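Okay, so the sequence shown: first residue is 1 according to the working numbering, each after it adds one.
Treat the hints as calculated values from the structure; they're not laboratory data.
On a predicted model such as this, the values are computed, not experimentally measured, just so you know.
You can trust all of the hints, since none of them are fake.
Restricting the straight-line Cα-Cα distance to at most 30 angstroms, the calculated cross-link-like pairs of lysine-lysine (DSSO-like) are:
(1) Lys66 to Lys88
(2) Lys122 to Lys193
(3) Lys143 to Lys122
(4) Lys122 to Lys88
(5) Lys122 to Lys66
(6) Lys193 to Lys88
(7) Lys143 to Lys193
(8) Lys88 to Lys169
So the derived label-pair ranges between C-beta atoms look like this:
(9) Ser109 to Val17: 18 to 26 angstroms
(10) Met55 to Val128: 18 to 26 angstroms
(11) Arg67 to Ile40: 26 to 34 angstroms
(12) Gln121 to Leu10: 41 to 49 angstroms
(13) Arg16 to Ser183: 38 to 46 angstroms
(14) Asn146 to Ser109: 44 to 52 angstroms
(15) Asp63 to Val128: 19 to 27 angstroms
(16) Asn139 to Tyr91: 43 to 51 angstroms
(17) Phe151 to Ser183: 22 to 30 angstroms
(18) Ile166 to Ile135: 39 to 47 angstroms
(19) Ala2 to Met55: 56 to 64 angstroms
(20) Ala87 to Leu145: 30 to 38 angstroms
(21) Leu10 to Leu123: 48 to 56 angstroms
(22) Gln187 to Glu68: 33 to 41 angstroms
We put the beta carbon where it would ideally sit given N, CA and C, even for glycine.
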Amino acid sequence: MAEYYLGWELLELEERVRILERRVERKILRDTQNPYDLPINEFMNTFRISPELAMDLTNSIRDSLKRERSSGLPVEIQVLVVVNFYAKGSYQRATGDNFIANVSQSSVSRCIHSVTNAINQKLLRPWVRFPMTAIERDNAREKFLNAPQIFEGAIGAIDCTHVNIIAPKNHEEAYVNHHGNHSLNVQAVSRCKK
1 MAEYYLGWEL
11 LELEERVRIL
21 ERRVERKILR
31 DTQNPYDLPI
41 NEFMNTFRIS
51 PELAMDLTNS
61 IRDSLKRERS
71 SGLPVEIQVL
81 VVVNFYAKGS
91 YQRATGDNFI
101 ANVSQSSVSR
111 CIHSVTNAIN
121 QKLLRPWVRF
131 PMTAIERDNA
141 REKFLNAPQI
151 FEGAIGAIDC
161 THVNIIAPKN
171 HEEAYVNHHG
181 NHSLNVQAVS
191 RCKK
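I would like the entire structure built from these sequences, with the hints used as guidance.
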């Protein structure tokens, strides 16, 4: 009985060592690669935004993304992991295994949570607004009235699209669209801008 227990303990110890070794390997890979050194077309293909926009986004939310440990993910990598996830709509594990990020699935999940919250806290109010006062609504109506395609009385233009997702475990049937695919129905409202 004691032999089985010792064997089990040895297997658990080997697994912990393997996990720690993998963590060290990933950190070494991350530390030796700088995603901003990629050629611009490769950066754009990987993250779907320019390096300048990625850096602006990072700087805008940096103070909301404090690292808990000195060995934690740099803020730049956290943001790029999330931007890559948003751009590709892939699995979290595939995003983490990306040659640039090299992070675990659980780290990707934490990055998505913290970066998304930071974006919502820091950028939502300054960038997303709807005409609230009578004067703002009148100005919006005027712009739509003078637009190349006239929309009389409009203060915003609305559109929707389906973004394909992987079937969720809970309430899977609620995410099936009219084509039989799993998706989220995303809606956007835009102002008239020439």
